[in-house]
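Peer 1: For reference, the chains in residue letters:
Protein chains: 2
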Amino acid sequence: MKKIRVELAERSYDIFIGSNMLDGTGAKLSLFGLSPKIALISNPTVFALYGELVAGSLKKAGFDLHTVIIPDGEEYKDLRQMQNIYDELLKQKLDRSSGLIALGGGVIGDITGFAASTYMRGISCIQVPTTLLAQVDSSVGGKTGVNHRLGKNMIGTFWQPRLVWIDVETLKSLPKRELLAGLAEVIKYGVIYDGALFAFLESNREKVLGLDNEAIMHIIKRSCEIKAAIVSKDEREAGLRAILNYGHTIGHAVETVTGYTRYLHGEGVAIGMYLEARLSQMLDLADKDQVLRIKSLLDSYGLPSELPDDIDKDSLLLSMQLDKKTVAGKLKFVLPEKIGKVRIEKGAPEEAVRESLQK
Amino acid sequence: MKKIRVELAERSYDIFIGSNMLDGTGAKLSLFGLSPKIALISNPTVFALYGELVAGSLKKAGFDLHTVIIPDGEEYKDLRQMQNIYDELLKQKLDRSSGLIALGGGVIGDITGFAASTYMRGISCIQVPTTLLAQVDSSVGGKTGVNHRLGKNMIGTFWQPRLVWIDVETLKSLPKRELLAGLAEVIKYGVIYDGALFAFLESNREKVLGLDNEAIMHIIKRSCEIKAAIVSKDEREAGLRAILNYGHTIGHAVETVTGYTRYLHGEGVAIGMYLEARLSQMLDLADKDQVLRIKSLLDSYGLPSELPDDIDKDSLLLSMQLDKKTVAGKLKFVLPEKIGKVRIEKGAPEEAVRESLQK
Chain A
301 MKKIRVELAE
311 RSYDIFIGSN
321 MLDGTGAKLS
331 LFGLSPKIAL
341 ISNPTVFALY
351 GELVAGSLKK
361 AGFDLHTVII
371 PDGEEYKDLR
381 QMQNIYDELL
391 KQKLDRSSGL
401 IALGGGVIGD
411 ITGFAASTYM
421 RGISCIQVPT
431 TLLAQVDSSV
441 GGKTGVNHRL
451 GKNMIGTFWQ
461 PRLVWIDVET
471 LKSLPKRELL
481 AGLAEVIKYG
491 VIYDGALFAF
501 LESNREKVLG
511 LDNEAIMHII
521 KRSCEIKAAI
531 VSKDEREAGL
541 RAILNYGHTI
551 GHAVETVTGY
561 TRYLHGEGVA
571 IGMYLEARLS
581 QMLDLADKDQ
591 VLRIKSLLDS
601 YGLPSELPDD
611 IDKDSLLLSM
621 QLDKKTVAGK
631 LKFVLPEKIG
641 KVRIEKGAPE
651 EAVRESLQK
Chain B
301 MKKIRVELAE
311 RSYDIFIGSN
321 MLDGTGAKLS
331 LFGLSPKIAL
341 ISNPTVFALY
351 GELVAGSLKK
361 AGFDLHTVII
371 PDGEEYKDLR
381 QMQNIYDELL
391 KQKLDRSSGL
401 IALGGGVIGD
411 ITGFAASTYM
421 RGISCIQVPT
431 TLLAQVDSSV
441 GGKTGVNHRL
451 GKNMIGTFWQ
461 PRLVWIDVET
471 LKSLPKRELL
481 AGLAEVIKYG
491 VIYDGALFAF
501 LESNREKVLG
511 LDNEAIMHII
521 KRSCEIKAAI
531 VSKDEREAGL
541 RAILNYGHTI
551 GHAVETVTGY
561 TRYLHGEGVA
571 IGMYLEARLS
581 QMLDLADKDQ
591 VLRIKSLLDS
601 YGLPSELPDD
611 IDKDSLLLSM
621 QLDKKTVAGK
631 LKFVLPEKIG
641 KVRIEKGAPE
651 EAVRESLQK
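First to last, the protein sequences are chains A and B.
For the first sequence, our numbering begins at 301 and goes up steadily by one.
For the second sequence, our numbering begins at 301 and goes up steadily by one.
Be a bit skeptical, because a hint or two may be false.
[Unchecked claim] Interface residues of chain A toward chain B, partial, derived using beta-carbon atoms under 7 Å:
1) L379
2) Q381
3) G456
4) F458
By construction, these hints were calculated from the structure, which means they are not laboratory data.
Everything numeric in this text was worked out from a predicted model, so none of it was measured.
Even for Gly, the Cβ is constructed at its ideal location relative to N, Cα and C.
Kindly generate the complete structure, drawing on both the sequences and the hints.
Peer 2: See below:
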């Protein structure tokens, strides 16, 4: 089992990465001084696969466990579900020393984190992510939230988990397309921070896609280490942390204009990474060969990189202007200079952006 | 104008106390580096009195101000109103650098603070409290939240304001009963922390009740200083901060069993302070003369201290057991030892509590 420490003063916590460790959840949690009353939040798909294992281990460790099941899907990441969770937690009399355990992907993690941060002004949250995306991204770093009909993740908090407990075995039940979407974020870490991780992905494609234990633990560990390093330096995204948004300015817009049904988040980010690299080249910040290396890696993993012709470029631009990262109308981009190094560009000229969206 | 600093590392902020300073709100806020887009949250009563003054000063300072009016009353401090506020803020495109200004009493302050802490994962909140209770208590210290039908303030966050801006002139429009309810919290500060403040209240009753400028600024300043000192040492109520709950264990229960219609919060706290002092005496922690001094001061200000006969003692006890301060069923009390000094009692025997509720 590998351990990574996220250093955040009194909010520091550990990420554990291993295999076949779900039945150890209860024993681990019994060390945290929580109230016996805890709740597990999951969705029907994940709970059917791993619920019994996790719940059993928690009960064996003496916890008085209540389970809250949320319907599967991003469309349920809203304030109505929050209300349901609050109702359940209060009915079951969870107290200030209680903990919430998120068993699932990003939706479950975000909504559970938000509930934990606002129930009785904040209780413990334990992340047990079961998708690659959640394991390398959303379960680490403390971003929580729900969607609003006027925008994704508009309502939320920064609330660090007490523990992140990653079992790579859960990836074996993950649909291939979701695995690839998670890999897009791993590729992102390579571009923004770590040329060696990028090179590892280039030369270990078969092993990674085949879920070779050693290869997959390596890329999750490196991703978590990079995210931990960045978050430790800038918890609330005042500066450095914004580099994690590489690919996301255009990526989010692509997701938005296609109504969140055509692309998974990671697929949108994959397209965003290539187009933002192209923008970087257009602004003379990156060489063409670096941009092509990014496109080649995305293509080799079967991720999308080009914008389909039927997506309206004006709608994309408008969507970017409405993004919550946009302050006072200025488009903000994370632009790669070379693999492993990016810069933040706070006022990219609209013309260049428009051009980078063309083929 | 008096200034008090609340020291909380990067979350430190100033409280200003003065008179006729509402028209200076805009000029003050223009120093905070906020986005031009800001929102003022208020209720119809307060907005009719002071809205124009504050809004005018903000507009004069160049802010693009939007106003959100919430119906007056504790029953509107709920998630539905939160949803309304989120809708408005998103429609008006407030961004991550925007601020929310709470103009009103505790309800407006709590709900605005909660909205600020959760809009786009946290934006600036400015408290402009217009009731004595909010000026000496709820606007300072960062507790935010809304009620749930299963309990008060069950959903919320700790979110420190950027500024607290107190104009004592607003007290002139405050109903006498609400002024007295606020004074209950001032008396509380005397009991838990400052014998001199308690003595000042004893010997300056006429001036305080007559809203003599110097006397009223003095008690607000001392109350804020005491709260600031306590909150600086224990922001999230891990220990010391709990002493602020003196009178609140029984007080909350009194409010709850009477359906929040019979007593104002401060009146419940007044009853709670006397009964908890009596409990302290019963447990041999306080002398009788200290308890009587507390009762005399409450009585002299026309605040309630005795529990009416028609309130069922079993319902009170049950309500205390359901309180969110109660962990694992143990009743927690703040018990005065003498005026100016209290201790926290984590497991008061139920029999003694029951006895202290009898006349």
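Peer 1: Any hints this thing doesn't respect? Which numbers, in order?
Peer 2: Of the numbered hints, just 2 does not hold.
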